[in-house]
Amino acid sequence: MTGEECKGMSDRQGGHLVWNLLNPPPGVRTEGVEAGLDARKACIEERSVVGNYVSTAEVRLTTQTGPNRRLNATVGGGFRNLVKVTSMVAAVTAAGQAAEAYLHPHGLVMLYLLVVVVAAACWGRWPAVVASGMGVVGLNFFFVPPRYTLRVHQPEYFLTFGVMLGVGLLISELTARRQAQFELARRSQAEMAAAYAFSRALAQAGDLGAIEEALNHHLRLLLQPPAHLLVGARVPEDCALAVPLASSRGPLGWVCLQERPSSPDSLHAVESAAAQAAMAVERVQLGEEARHAQLVAEAERLQTTMLNAVSHDLQTPISSIQGALDNLCDPELDLDHETTQGLVQLAREQTRRLSRLVANLLDMSRVEAGVTPLRLEPVEIADLLGSALQAWGDERRFDITLEPDLPMVRGDLVLLVQVLVNLLENAAKYGAAGDSVELQASRANGGVELRVVDHGPGIPPDRRRRAFEKFYRLRRPGDPPGTGLGLAICQGFVQAHGGTIRAEETPGGGTTMVIWLPSEEEA
Amino acid sequence: MSNPPRVLVVDDEASIRKFLRVSLSGHGYRVLEASTGEEALACARQERPDLVVLDVGLPDLEGFEVVEQLRRWSAVPVLMLSVRGAEQDKIRALDAGADDYLTKPFGLGELLARVRAALRRAASGPGGEPVRQLGDLRIDLAAHRVFREDRELALTPREFDLLRVLVQHAGRVLTHRQILEQAWGPEYGHETHLLRVNVSNLRRKIEPDPVRPIFILTEPGVGYRLGGR
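Order-wise, the sequence lines are chains L and F.
Numbering-wise (the working numbering), the first sequence opens with residue 1 and increments by one.
Numbering-wise (the working numbering), the second sequence opens with residue 1 and increments by one.
So that you can see chain L by itself, here it is in the shape it has in the complex (with noise of 0.2 Å):
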């Protein structure tokens, strides 16, 4: 394939095909074909620096009809074009024979000149070029004395072919030349678009992944083997061209290509594309940073909060046991009976709240660290309840109703009635005082739902959400001590059991528990 060719083919409505490219309608393959790679390799070489980003655009796409059909139909098209010219300057013979006694020779070559302007127009230069020589031809054989041969007597004559052939050869320059510029005009636009497409799609990249697909897609456009993104400082081995991301802070990592670009223009072409890909790297690892940092904050500030948390409600129990004990080893203390009684139970209630914290922590890192093995079996729900009431022993009166036909759950018995412990305590903690605590079991969404109901001063809905993190507590005076754990723990251990656990208001006043469990079915 010659360059003539490629511009034969880059000339035929290659804008509307790279815009097509670009948004590419339903069907169009927009893979590359195998078989012209080197058709448009000899291509690319022949463009200008202003044609290579679209024009290789354009080739890509005749390949993708085939470049032997492709060359068939340009060659075809160029030979129709020569008999259209070829019919037009005969039709102006035939006129000009026809009408003969009214013309004279100078005003046929007008006539010519009509010729040679439509042909440039309609086809380009070279029929125009043709245009002109046919005509200065049959000017010479059919109308210039003596008539058909091409000698010519008056040199007159010479002047009138000069100047027609001239005017010729000049209008199919300026035609070319009009056209040249429509064609750089429709490119740089075509060049726009895709550049901005590229610099779009990489907006809108929010990770590494993305920008190589959006590098990956421009590079496809500019016909370019598919490249990696490394990110890091080391140089990649196996590429056969790497071209860095270069960055304010410094090379950011490469652009590794598997096959080197086939022109300096397209590896010129890599290269930007790979600068503007720095640029959305760099923006994408900032992010990160940014995110990152934000994160390691958070820990720490939960870290604090919960060394806090402990560090208080493991000295405080501690304190009050030490407390205790020295006033009953104090010598000078004359203390009575019911004083020391009163000592003795403080110590007492104050080892259980104690060693109640120290369970708590373990159940909370078993949680997290997602050792806890579920020992799964067929729950029934009353036997459930029983057990967590039985496990409480607390004397405060319940109500309990259960929905008649349960289905099964399966579960942990052990870590459930461990969730309705806690629960039941946070409502006799937290309910009002001689009030009882309700429980209750029904069907929902394929499953069972538990609720524990306390009549107490409730959560305020912006905290029911905040109330199952860990160490969180209101902190309300008077509010009986706790861990900030119980809930967290719950919801580890119902969320392990694939459930959900909420709070709800409860209406007139209160906190309603709501535990959701899959039915065994389900589960």
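No lab work stands behind these hints: they were computed from the structure.
Hints may contain errors.
[Claimed, not checked] What follows is a set of in silico ranges between Cβ atoms, one per label pair, in the way DEER data are often shown:
1. L:Met306 / F:Leu217: 30 to 36 Å
2. L:Ser365 / F:Ala154: 56 to 62 Å
3. F:Ala75 / L:Val344: 46 to 52 Å
4. F:Glu191 / L:Met306: 29 to 35 Å
5. L:Gly434 / F:Arg72: 38 to 44 Å
6. F:Ile214 / L:Glu469: 45 to 51 Å
7. F:Arg116 / L:Gly434: 39 to 45 Å
[Claimed, not checked] To give a feel for the contact side, a few chain L residues facing chain F, derived at Cβ under 10 Å:
8. Thr175
9. Gln204
10. Leu346
[Stated by the list, open to error] The following residues of chain L were derived to be distant from chain F, with all beta-carbon distances above 10 Å:
11. Gln97
12. His106
13. Phe161
14. Arg249
15. Asn308
16. Pro317
17. Leu333
18. Ser355
19. Gly386
20. Ala428
21. His455
Just so it is clear, CB atoms sit at the ideal spot from N, CA and C, and this is done for glycine as well.
Position chain F against the provided structure of chain L, taking the given hints into account.
Relative to chain L, chain F alone:
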């Protein structure tokens, strides 16, 4: 005792209040109780206690806020209770005017000793003798001279200022900032390095064994206290 000293115990934990009540009342104090900061302030205003034992972690007010508000109209000694790790809370409360602190869990013997010391300091009032005896040291605050037995110790003016501040608040915990501001000036409040260097030099001159000081005691993470009476 016909008119026993009254101690206000402020803690949101009932168990802590309970054993403090048993212990303090058993040792001859009259005990008042409060479970929140607001309650404590109201009680202090009404009952005018002789000493306040204040837990730093209250549900409604920060410990230093209670001290700040209390200090607007009262010089009552404040002994704080806090947990290990809450050094920043202690420092803020001491800077706000608290007198001393104890870290939970603490022995009741220690608590009673601190209570007695605080009450004694409050009773003796500020000022006092220009010449103080500290172990075998004789410190002449008016003449800016320090003697061990009859031999004078050569202190730099800064070292003497540092010693003077500690002596004037003997037994009390002073934060780094309080010492720096009183010995060097308000603009030196954060020059803790300066403080450490001078404390180290001063210890070499006045302590029998600078590694195991008996006069200038370090309160880790908080400040210093003068001991050894």
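Each hint tested on the structure:
{"no.": "1", "hint": "L:Met306 / F:Leu217: 30 to 36 Å", "verdict": "32 Å, holds"}
{"no.": "2", "hint": "L:Ser365 / F:Ala154: 56 to 62 Å", "verdict": "58 Å, holds"}
{"no.": "3", "hint": "F:Ala75 / L:Val344: 46 to 52 Å", "verdict": "39 Å, violated"}
{"no.": "4", "hint": "F:Glu191 / L:Met306: 29 to 35 Å", "verdict": "33 Å, holds"}
{"no.": "5", "hint": "L:Gly434 / F:Arg72: 38 to 44 Å", "verdict": "42 Å, holds"}
{"no.": "6", "hint": "F:Ile214 / L:Glu469: 45 to 51 Å", "verdict": "48 Å, holds"}
{"no.": "7", "hint": "F:Arg116 / L:Gly434: 39 to 45 Å", "verdict": "44 Å, holds"}
{"no.": "8", "hint": "Thr175", "verdict": "83 Å, violated"}
{"no.": "9", "hint": "Gln204", "verdict": "45 Å, violated"}
{"no.": "10", "hint": "Leu346", "verdict": "6 Å, holds"}
{"no.": "11", "hint": "Gln97", "verdict": "112 Å, holds"}
{"no.": "12", "hint": "His106", "verdict": "106 Å, holds"}
{"no.": "13", "hint": "Phe161", "verdict": "102 Å, holds"}
{"no.": "14", "hint": "Arg249", "verdict": "34 Å, holds"}
{"no.": "15", "hint": "Asn308", "verdict": "7 Å, violated"}
{"no.": "16", "hint": "Pro317", "verdict": "7 Å, violated"}
{"no.": "17", "hint": "Leu333", "verdict": "4 Å, violated"}
{"no.": "18", "hint": "Ser355", "verdict": "15 Å, holds"}
{"no.": "19", "hint": "Gly386", "verdict": "32 Å, holds"}
{"no.": "20", "hint": "Ala428", "verdict": "17 Å, holds"}
{"no.": "21", "hint": "His455", "verdict": "22 Å, holds"}
In this structure, the earlier hints numbered 3, 8, 9, 15, 16 and 17 are contradicted, and the remaining ones agree with it.
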